[in-house]
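The chain contents come next:
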Amino acid sequence: MEKTKDNRAWFLVIPVFVIVAFSAIIPLMTVVNYSVQDIFGPNERFFVGVEWFKEILHDERLHEALLRQFLFSGLVLLIEIPLGVAIALAMPKKGWAASLSLVLLALPLLIPWNVIGTIWIIFTRPDIGLLGATINGLGIDFDHTAAPLDAWITVMLMEVWHWTPLVVLLAYAGLQAIPDAFYQAASIDGASRWAVFRYIQLPKMRGVLTIAILLRFMDSFLIYAEPFVLTGGGPGNATTFLSIHLVKIAVGQFDLGPAAAFSIIYFLIVLLFSWLFYQALQNVGKGE
Amino acid sequence: MSLDWMAWTLPTGVFFCVIALLLVAMTVWEIKVPTVARRGVLPLSTTRGDRFFVGLLGSAYINLAWIGLTDMNQWFAVLISLVYMAIVMRFA
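Going down the list, the protein sequences come from chains B and C.
For what it's worth, the working numbering labels the leading residue of the first sequence as 168, then goes sequentially.
For what it's worth, the working numbering labels the leading residue of the second sequence as 21, then goes sequentially.
It is worth saying that the hints were derived from the structure and are not from the lab.
Hints may contain errors.
Some chain B residues close to chain C (C-beta under 7 Å, calculated; not the full set) [unchecked claim]: (1) 197; (2) 199; (3) 220; (4) 221; (5) 224; (6) 388; (7) 450.
What follows is a set of in silico ranges between Cβ atoms, one per label pair, in the way DEER data are often shown [stated by the list, open to error]: (8) C/42 - B/265: 46 to 56 Å; (9) B/349 - C/90: 49 to 59 Å; (10) B/262 - C/60: 43 to 53 Å; (11) B/234 - C/90: 19 to 29 Å.
These numbers come from a predicted model, not from an experiment.
For each residue, glycine too, the CB sits at the ideal point set by N, CA and C.
Let's have the full structure, built from the sequences with the hints guiding it.
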């Protein structure tokens with residue numbers, strides 16, 4: 168059947184456009200305006216050109232925070248994506264066990280982000296926390312408030328616990344959408360378990376894994392509430408990620424101009440990497 | 021409606037007007053001559069809109085690099101960005 172082309176359908180996009188304009192485009196324009204001015208008050212501001220960008224680009228603390236952020240997001244993707252796919256593959260395909268697994272996995276996703284931080288503060292406390300006290304009971308000195316490595320391990324554990332379920336749910340949905348005929352054909356051909364995964368399941372999950380990788384990259388790159396509640400960016404600056412550093416400038420010091428310049432650079436980094444991931448994942452297996 | 025809260029300046033106003041005009045021009049161009057995806061110097065198929073996006077994003081990075089690495093006038097970076105944009109639109 169031939170599709171009807173009716174350009175009036177574009178009017179249906181208007182509500183989305185209005186919402187995006189109010190929630191994203193207008194605030195972004197305001198941030199750009201702030202980034203070229205020294206703001207002292209609502210009616211007291213002076214044009215400074217690219218001065219704040221220069222200051223921010225030469226800020227050593229920003230360079231360190233950026234490196235930390237890339238390390239964190241890299242680790243998040245390296246751990247959460249394979250782990251999420253592995254759990255999805257191991258989950259029951261149907262029946263009450265499948266429903267129970269899905270509900271249990273979804274639980275961490277339902278908890279507010281700042282509460283997650285509070286839960287893990289208590290959980291890892293060396294004196295009363297179940298995890299912290301157990302590790303210390305084994306003779307290992309573990310304290311995320313004092314040792315940078317312990318803080319990183321705790322933040323990573325918290326992140327993996329919180330967000331791997333999202334990858335699992337997406338991968339599971341992708342697996343469930345594969346028709347049985349593919350498995351039957353593979354069985355007739357005598358395909359191994361690995362071959363089924365490599366040539367059927369993984370290609371069929373490409374769409375959902377693209378979404379999972381993009382979401383996890385963007386979310387982990389913008390992470391704020393959980394590490395802020397858990398470590399406050401410490402010990403020292405060990406877990407001061409970009410957003411924590413940004414909030415220190417914008418809210419702590421009330422330097423709106425530099426904070427706006429910082430936000431634009433931050434936005435451009437996220438935009439570039441999201442586009443690169445998107446293109447790479449869309450072109451996997453196409454020889455491009 | 022007062023737009024004071026948005027803290028507008030003349031340069032940023034001109035900047036956003038240019039971006040908006042470019043988007044309108046791209047839309048009109050698309051309606052008149054619909055794009056066909058093609059493969060140029062970039063290792064992927066791109067439509068006209070893709071190339072425009074790559075051009076804008078690259079221009080932003082060129083300007084940032086100029087600010088971070090040199091003390092020369094920013095207009096040189098704008099000129100380089102225009103040349104880069106033209107190359108991307110034509111050959112990417």
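Evaluation of the provided hints:
no.	hint	result
1	197	holds, 5 Å
2	199	holds, 6 Å
3	220	holds, 5 Å
4	221	holds, 5 Å
5	224	holds, 4 Å
6	388	violated, 16 Å
7	450	holds, 6 Å
8	C/42 - B/265: 46 to 56 Å	holds, 50 Å
9	B/349 - C/90: 49 to 59 Å	holds, 56 Å
10	B/262 - C/60: 43 to 53 Å	holds, 52 Å
11	B/234 - C/90: 19 to 29 Å	holds, 23 Å
Of the numbered hints listed earlier, the single one contradicted by the structure is hint 6.
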